[in-house]
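Using the sequences and the accompanying hints, generate a full structural model.
Number of protein chains: 2
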Amino acid sequence: MAKLDFWYDFASTYSYLAAMRAEALAKAAGVTLRWRPFLLGPIFKSHGLETSPFNKYPVKGRYSWRDMERLAARQGLPKFLLPVPFPANPLLAARAALVLADAERPEFSRAVYRAEFAEGRDIADRAVIGEVLAALGHDADAVLTKSGDPAIKDKLRAETEEAAKQGIFGAPNFVAEDGELFWGNDRLEQAIEWVRGHR
Amino acid sequence: MAKLDFWYDFASTYSYLAAMRAEALAKAAGVTLRWRPFLLGPIFKSHGLETSPFNKYPVKGRYSWRDMERLAARQGLPKFLLPVPFPANPLLAARAALVLADAERPEFSRAVYRAEFAEGRDIADRAVIGEVLAALGHDADAVLTKSGDPAIKDKLRAETEEAAKQGIFGAPNFVAEDGELFWGNDRLEQAIEWVRGHR
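First to last, the sequence lines map onto chains A and B.
Position in the first sequence counted from 1, then plus 410, gives you my numbering.
Position in the second sequence counted from 1, then plus 410, gives you my numbering.
Just so you know, not all the hints are guaranteed correct.
Which copy? The list can't say, so a pair holds if one copy fits it or any two copies do.
Unchecked claim - As a list, the in silico SDA-like pairs of lysine to any residue whose alpha-carbon atoms are at most 20 angstroms apart:
| # | residue 1 | residue 2 |
| --- | --- | --- |
| 1 | Lys413 | Ala586 |
| 2 | Lys466 | Ile453 |
| 3 | Lys575 | Tyr473 |
| 4 | Lys470 | Gly594 |
| 5 | Lys470 | Glu590 |
| 6 | Lys455 | Glu572 |
| 7 | Lys455 | Glu433 |
| 8 | Lys470 | Ala574 |
| 9 | Lys470 | Leu459 |
| 10 | Lys470 | Leu501 |
| 11 | Lys413 | Glu599 |
What the hints contain is simulated information worked out from the structure, not anything from laboratory work.
Set out below in structure tokens:
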């Protein structure tokens, strides 16, 4: 079965759009998605960007919120809410996602994105992530405690380094087994075609 | 008839892709395209960018050349060639485009883009623009001379200021009569749907 790595950051607006539609599209195409959360912040920093380009270039940022509003509506998602301040700190959500089993990660990730961009909640807040976990039937306290383990911190650091090694500079991304990189929610369909051999 | 302004910069890679497909799509949808060349450089400068983001952020730049290769192939265009140095100076091409009549501008613009990104020629070279003009049956010397007129220089400056006023920060763009801005070759279909009333 064709495989595609889905690299996403919990603070990333376009990763939200991709997360809400990627699994259905991949499944329909017979492609297995591997959900790989990472941190875009350290990668931005290594390129000399101290914050999101949407903050550094406010005219672009304003456009992008409007683009998100339009695209969320087209995808049938609730009204897009911009977190204040933007970007939210994605660290806790990313660690918690890595505590969970591979099969549990997609549903949790979508629920975190929904809390952030459709309900306007602060995903840096342990109580918010705890509620998301509990609503999905997880032992919230156990997952939150484990998310502080050195092994989980190391895992997220290693994944972020791996993302950088693969040439990732933004989010979301889709990476084929041959290393072919597709950046952006707009490239999901093309990435799926690629791994299915239609180039 | 629904109208859409197509704002493009002659140095912009993704504007090339849009220019090669925009007219056919618009025509099929019953939408009139107005071709409006402008200069992205002064807009970048006003945002603190001294060169293309693809130069400022080289990892992003490298991805973007690969993306262009893939997209050009998908569009059935010749192998994508990156101008060296990048970006090319678009000033002469933009002025010449404004000398021509509205109806002559699309064909000339596509020919300039082809010379630049499919033939690897330097569009800052008067001889190259002259050949492009002559091949289309224009009086090359007359157009090149006129492109130095103060009225043409002022027109390009005014168009660039108008682009900035409309919230433009990149290229290409599609702007509806109600002011709705769509940035990027990827948004062409959505822009066409917008002006046709499907939102």
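Hint check results:
| no. | hint | verdict |
| --- | --- | --- |
| 1 | Lys413 - Ala586 | within (7 angstroms within a copy, 39 angstroms between copies) |
| 2 | Lys466 - Ile453 | both (15 angstroms within a copy, 15 angstroms between copies) |
| 3 | Lys575 - Tyr473 | between (30 angstroms within a copy, 13 angstroms between copies) |
| 4 | Lys470 - Gly594 | both (16 angstroms within a copy, 12 angstroms between copies) |
| 5 | Lys470 - Glu590 | between (27 angstroms within a copy, 14 angstroms between copies) |
| 6 | Lys455 - Glu572 | within (16 angstroms within a copy, 34 angstroms between copies) |
| 7 | Lys455 - Glu433 | neither (30 angstroms within a copy, 40 angstroms between copies) |
| 8 | Lys470 - Ala574 | between (24 angstroms within a copy, 11 angstroms between copies) |
| 9 | Lys470 - Leu459 | both (15 angstroms within a copy, 13 angstroms between copies) |
| 10 | Lys470 - Leu501 | neither (25 angstroms within a copy, 24 angstroms between copies) |
| 11 | Lys413 - Glu599 | within (14 angstroms within a copy, 29 angstroms between copies) |
Of the numbered hints stated above, those contradicted by the structure are hints 7 and 10, listed in ascending order.
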